[in-house]
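With the hints as constraints, model all of the structure from the sequences given.
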Amino acid sequence: MNLPSLILLILLILQTVEAKGAELVIDDYSMGIGAHWESKSFKGMTLYSINEDGGRRCIRAQSRASASALYYRLKFDPREYPVIRWGWKIDGIISPGDARKKKGDDYAARVYVVFPSLFFWKTRALNYIWANRLPRGEAVANPFTANAIMIAVQSGNDHSGKWMEERRNILDDF
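Every number in our numbering is 224 more than the matching position in the sequence shown, counting from 1.
These aren't lab readings, by the way, just hints derived from the structure by calculation. The structure presented is a predicted model; accordingly, all values stated were derived computationally and were not measured. Where hints are given, some of them may not hold.
Straight-line Cα separation of at most 20 Å, EDC-like style, residue types lysine to aspartate or glutamate; simulated pairs [stated by the list, open to error]:
#1 K264 to D330
#2 K299 to D252
#3 K325 to E362
#4 K386 to D277
#5 K267 to D330
#6 K267 to D322
#7 K264 to D329
#8 K386 to D315
#9 K299 to E262
#10 K299 to E247
#11 K267 to D329
#12 K346 to D301
#13 K299 to D396
#14 K299 to D397
#15 K346 to D397
#16 K264 to D251
#17 K299 to D251
#18 K326 to E362
#19 K386 to E276
Derived DEER-like restraints, expressed as beta-carbon distance ranges [said to hold, decoys possible]:
#20 K326 to V249: 33 to 39 Å
#21 A365 to R284: 27 to 33 Å
#22 D277 to V249: 14 to 20 Å
#23 M388 to E247: 16 to 22 Å
#24 D396 to K267: 31 to 37 Å
#25 S273 to G316: 17 to 23 Å
#26 R280 to V364: 28 to 34 Å
#27 N393 to Y295: 17 to 23 Å
Glycine included, every Cβ here is placed at the ideal spot set by N, Cα and C.
Structure representation (structure tokens):
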């Protein structure tokens, strides 16, 4: 990330996947960040830890000029479980970031949903972003690949420092 110090709090990333009256809970973090979570560094390393914030158990990510991901592989049928829910909170946006440009593809927070394919070039992804400039609700192609769509679920600093609860239908967004 391009900020000197960035702290991101995410409550139960992909907290639940919902079906008609049923849901799959991804993790409650009662056992910390378990072995089912994997990290991937793109530049430097982000420190991930379990914290309490406002009575919520969450993952805290601390980044200093780095970019990485913490991910959880889950196979499910999106026709059966089309809705995902999560909560997130950021310190602030990355002001030079611009979702429409490769150089600006940098966000305080994002949630990926990947639709894998037998052939990697056919893999598709949704990126739910806390956008820097892109207006809330707007969707654009990822500047690195046309196989990924980025949707600005939140935008700007208006809600920085506050927990925001999100609910998205991935089939509708896809």
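For each hint, the structure was consulted:
no., hint, in the structure
1, K264 to D330, "16 Å, holds"
2, K299 to D252, "18 Å, holds"
3, K325 to E362, "15 Å, holds"
4, K386 to D277, "11 Å, holds"
5, K267 to D330, "12 Å, holds"
6, K267 to D322, "19 Å, holds"
7, K264 to D329, "17 Å, holds"
8, K386 to D315, "9 Å, holds"
9, K299 to E262, "15 Å, holds"
10, K299 to E247, "14 Å, holds"
11, K267 to D329, "13 Å, holds"
12, K346 to D301, "18 Å, holds"
13, K299 to D396, "19 Å, holds"
14, K299 to D397, "18 Å, holds"
15, K346 to D397, "17 Å, holds"
16, K264 to D251, "19 Å, holds"
17, K299 to D251, "14 Å, holds"
18, K326 to E362, "17 Å, holds"
19, K386 to E276, "14 Å, holds"
20, K326 to V249: 33 to 39 Å, "36 Å, holds"
21, A365 to R284: 27 to 33 Å, "31 Å, holds"
22, D277 to V249: 14 to 20 Å, "19 Å, holds"
23, M388 to E247: 16 to 22 Å, "19 Å, holds"
24, D396 to K267: 31 to 37 Å, "33 Å, holds"
25, S273 to G316: 17 to 23 Å, "20 Å, holds"
26, R280 to V364: 28 to 34 Å, "30 Å, holds"
27, N393 to Y295: 17 to 23 Å, "21 Å, holds"
Violated hints are absent here; each numbered hint is respected by the structure.
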